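Guided by the hints, dock chain H onto chain L, whose structure is given.
Protein chains: 2
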Amino acid sequence: MEEKAFFNLSYGVFVLGANLDGKINACITNTCMQVANDPTRIAIAAINTNLTCEMIKKSGTFSLSVLDKDTTFDTIKHFGYQSGRNVDKFADFAYELDANKNPYIKKQICSLLTCKIISSTDLGTHSLFIAEVQDAKVMSDKAPITYADYQKDIKPKTKVQTDKKIIGWRCKICGYELNESNLPSDFVCPICGHPADDFEPIYAD
Amino acid sequence: MEEKAFFNLSYGVFVLGANLDGKINACITNTCMQVANDPTRIAIAAINTNLTCEMIKKSGTFSLSVLDKDTTFDTIKHFGYQSGRNVDKFADFAYELDANKNPYIKKQICSLLTCKIISSTDLGTHSLFIAEVQDAKVMSDKAPITYADYQKDIKPKTKVQTDKKIIGWRCKICGYELNESNLPSDFVCPICGHPADDFEPIYAD
Numbered sequence: 306m307e308e309k310a311f312f313n314l315s316y317g318v319f320v321l322g323a324n325l326d327g328k329i330n331a332c333i334t335n336t337c338m339q340v341a342n343d344p345t346r347i348a349i350a351a352i353n354t355n356l357t358c359e360m361i362k363k364s365g366t367f368s369l370s371v372l373d374k375d376t377t378f379d380t381i382k383h384f385g386y387q388s389g390r391n392v393d394k395f396a397d398f399a400y401e402l403d404a405n406k407n408p409y410i411k412k413q414i415c416s417l418l419t420c421k422i423i424s425s426t427d428l429g430t431h432s433l434f435i436a437e438v439q440d441a442k443v444m445s446d447k448a449p450i451t452y453a454d455y456q457k458d459i460k461p462k463t464k465v466q467t468d469k470k471i472i473g474w475r476c477k478i479c480g481y482e483l484n485e486s487n488l489p490s491d492f493v494c495p496i497c498g499h500p501a502d503d504f505e506p507i508y509a510d
Numbered sequence: 306m307e308e309k310a311f312f313n314l315s316y317g318v319f320v321l322g323a324n325l326d327g328k329i330n331a332c333i334t335n336t337c338m339q340v341a342n343d344p345t346r347i348a349i350a351a352i353n354t355n356l357t358c359e360m361i362k363k364s365g366t367f368s369l370s371v372l373d374k375d376t377t378f379d380t381i382k383h384f385g386y387q388s389g390r391n392v393d394k395f396a397d398f399a400y401e402l403d404a405n406k407n408p409y410i411k412k413q414i415c416s417l418l419t420c421k422i423i424s425s426t427d428l429g430t431h432s433l434f435i436a437e438v439q440d441a442k443v444m445s446d447k448a449p450i451t452y453a454d455y456q457k458d459i460k461p462k463t464k465v466q467t468d469k470k471i472i473g474w475r476c477k478i479c480g481y482e483l484n485e486s487n488l489p490s491d492f493v494c495p496i497c498g499h500p501a502d503d504f505e506p507i508y509a510d
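Going line by line, the protein sequences match chains L and H. 375 is the number that my numbering gives to position 70 of the first sequence; each next residue is one higher, with no gaps. 341 is the number that my numbering gives to position 36 of the second sequence; each next residue is one higher, with no gaps.
Hints listed in this document are in silico derivations from the structure and should not be mistaken for laboratory results. None of the values given here were measured: they were computed from a predicted structure. One should not assume that every hint holds.
Identical copies look the same in the list; a pair holds intra-copy or inter-copy alike.
[Claimed, not checked] As a list, the in silico BS3-like pairs of lysine-lysine whose alpha-carbon atoms are at most 30 Å apart:
id, residue 1, residue 2
1, K328, K442
2, K462, K363
3, K309, K412
4, K462, K411
5, K457, K421
Here chain L stands alone, though its shape is the one from the complex (with noise of 0.2 Å):
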């Protein structure tokens, strides 16, 4: 099994938001696709530690913001590499609710679908989600991102650097940081559940 054959599957870039009982979150997500068309229906699959997957898991229902080329570094960053465990990630971003109360985001969205779980299969280290799409819209002109353009052009490049003290380990997919200088063999990305093999080593200034 090579693990790099997975890496030419193509993705796009999403904003996955979750209302549970007035209380809004998103996260970021690179799984979505159109699975029948009529009725419209799509698959997206949410890692199960996730916050925002345990509320769309409870509340039923998620909005899926699709992420332009306008999309900064500090947007991933804001939605993807932090918890809503532990921020507020709305208190200072820009949003809206849709017809389900979920938030969305008001820049660098190119397409909203609002949508209704209809199926969820626990697989381990994620959950795919079969969702009926009430409404769909298309929120600007500019293209869609795909994971490919954000691995490329988005995300900040790291500088090779041999003579400095390891600080640390950033998972090379999602962009987690493991702040010990020592990252075990066996050590599995929480954010995205990808293995040691993925991190590469932060250095000290």
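Showing chain H alone in chain L's frame:
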């Protein structure tokens, strides 16, 4: 509901290979995503009326060839614009068989996934399959194509011609051609399920 909002979802382009009792076949699909990573699971969707879909439902396995930047329109047309019910698609196209004896193409492929279906959900027009990835191989160092690349760079452009007779209609989504001058307003593409709005005229020479 704005149908165009769905055009902002990003996809790859794949050849889905099947073998049922020794008969081999394949079709084009744009829906595949990794949905879990321990154990590794992917999800694909296929059109229920499609022969390859019928075959993999019965055989329980499939191959997935990820198409790369060398992909030509001829390859897409070969696997996507004709049915294995009428044509032996592998009679004149170089292929090999994977461990499940499903065919995969030898050129224009950057990754190959060997897959075993673990669940199938009928969604009306399409079925959604969750599959175990038994093997994954990198097949070239070329980048994969996205569905947007296909629409923009690979698919031939249609000229606007208003002084010619309309002899048929072509689905702008999948390329299916209807050889009739009149397109009923409730017509639905038999290949990809898109409505009459997504068809463009084919003119007489």
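Please write out, lowest number first, the hints stated earlier that are contradicted by the structure. Violated hints: 2, 5; rest satisfied.
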